[in-house]
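K.L.:
Next come the chains, spelled out residue by residue.
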Amino acid sequence: MSILAKHGAYKQAYDVLRASGVDPLNVRFDAVLSPTEGVIGGRKMILLGTNNYLGLTFDPDCVERAVEATRGQGTGTTGSRVANGTYGGHKDLEAAIAKFYGRKHAMVFSTGYQANLGVLSTLVGRGDHLMLDADSHASIYDGSRLGYAEVIRFRHNSPDDLYKRLRRLEGAPGDRLIVVEGIYSMLGDTAPLREIAQVKRETGAYLLVDEAHSLGVLGETGRGLAQAAGVEADVDFIVGTFSKSLGSVGGFCVSDSDDFDIMRIISRPYMFTASLPPGVMASTLVALEKLQAEPHLRRDLMRNACRLYDGLRAMGFETGPEPNPIVAVAMPDQETAVMFWKLLIEGGVYLNLALPPATPSNVRLLRSSVSAAHTTAQIDTALDVFAEAGRSLGFLTSGRRRAAGAL
Amino acid sequence: MRNEISTIFEDVLGRPVVIEDDTDIVEDLGMDSLGVMNFVMAIEDYYDISIPLDRIAQIRTVADLIHTVEDLRKGSAV
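Sequence order for the protein chains is R and E.
To get the working numbering, take the position in the first sequence, counting from 1, and add 666.
To get the working numbering, take the position in the second sequence, counting from 1, and add 18.
No lab work stands behind these hints: they were computed from the structure.
Keep in mind that a hint or two might mislead.
Taking lysine to aspartate or glutamate and the EDC-like style, the derived pairs with C-alpha atoms no more than 16 Å apart in a straight line are [unchecked claim]: (1) Lys92/E x Glu836/R; (2) Lys830/R x Asp40/E; (3) Lys765/R x Asp922/R; (4) Lys830/R x Asp63/E.
Turn these sequences into a full structure, and let the hints guide you.
P.N.:
Structure (structure tokens):
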């Protein structure tokens, strides 16, 4: 009997999954060849589940600057900024992010996960009220537990439910902070941000938007959903990550809030972890420049996203509610989901098998994320592999096609 | 209140349930985390309250739930 025996139920579920011949939580790449191609088990795969929205991971300029910075400044900072000091790269990156968003302040974190932990635990504390969308990412839930604020969930994407819950708090002391995401990572749906901003204005709450999956994806200049919805002035804090559209790793927060820099000596997930290494910051800076200088990347991305989304729907698959670079297909049950995922791998398409409890409403999902770097031929090949797998599992009947599940 | 809660359980679970004060909501009623969440939201709507996450975590039995709901309705826990 080990100390980990308490997790027996998870182990059992995982064992059942592995007994079916797959281990989607432990996929091993023999090689990654490009933003859209890798090798698994000796077989070349189209990568359709990597969040590599702008396809910049192999960009020659990003790679070159990362190499240059690594040669010049070393592989790591070997400590946090409060102990080991700030490098030029940290300041340059913060200045570039702040300028990109047109905000006074920016702060970078070592991962996107830590950005949420660090910001949420610092903005609200005991006696404050944190209003979370029920389908929030794990990093938001975890961040909510670090700061001792009262945490209240509202129904996913429901401004009315949010309003109702804020109204219930009338008269209670403490700040209110609403947290929503630009694009939700499992179904690819966006928050109704205009309506949420209106609730924020009416109730005097603060608003934080996590643009992890929408930076470089939505908005006229790629700033995300707040820009696309025209409500940037209502968003007090934007949190995001470098690990998706910018092709590296790290997180950030931008704001116009007074006293912003106090977070640097309060936020434990900022203070007590090693800061970003020079090479990562260098490539991120170049990627951010490319995001701004090459708007065609966003157009290519959305064209590919719509091609995959429309193609899957035309075949009768049940997808998320709107076409975005995250394209999720609902599976009727776990067994089918696992079989389908396996057939996709065998057909040369890698994407994410997403199972409860990581998914909203206990749905089983084949979750793909599209890149600007995908060719039309790659998207069409993926669609063909989907069609073939659907046929062999018997839920795409010829002629009148049937939906796979319910979203 | 126990009768009201029993009705809400039945709506969420879609089957008849028998509950006592010491009924364990997860163990005895076989609810998964999604079921618990839907149930909590239904309770919140019915009584026009919000149950903070840390309070939900402390609730095991029907008696705990009744106590929490009464507490929040009095406004003493805000």
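K.L.:
Indicate, hint by hint, whether the structure satisfies it.
P.N.:
For each hint, the structure was consulted:
{"no.": "1", "hint": "Lys92/E x Glu836/R", "result": "holds (14 Å)"}
{"no.": "2", "hint": "Lys830/R x Asp40/E", "result": "violated (31 Å)"}
{"no.": "3", "hint": "Lys765/R x Asp922/R", "result": "holds (12 Å)"}
{"no.": "4", "hint": "Lys830/R x Asp63/E", "result": "holds (9 Å)"}
Hint 2 from the list above is the single one not met by this structure.
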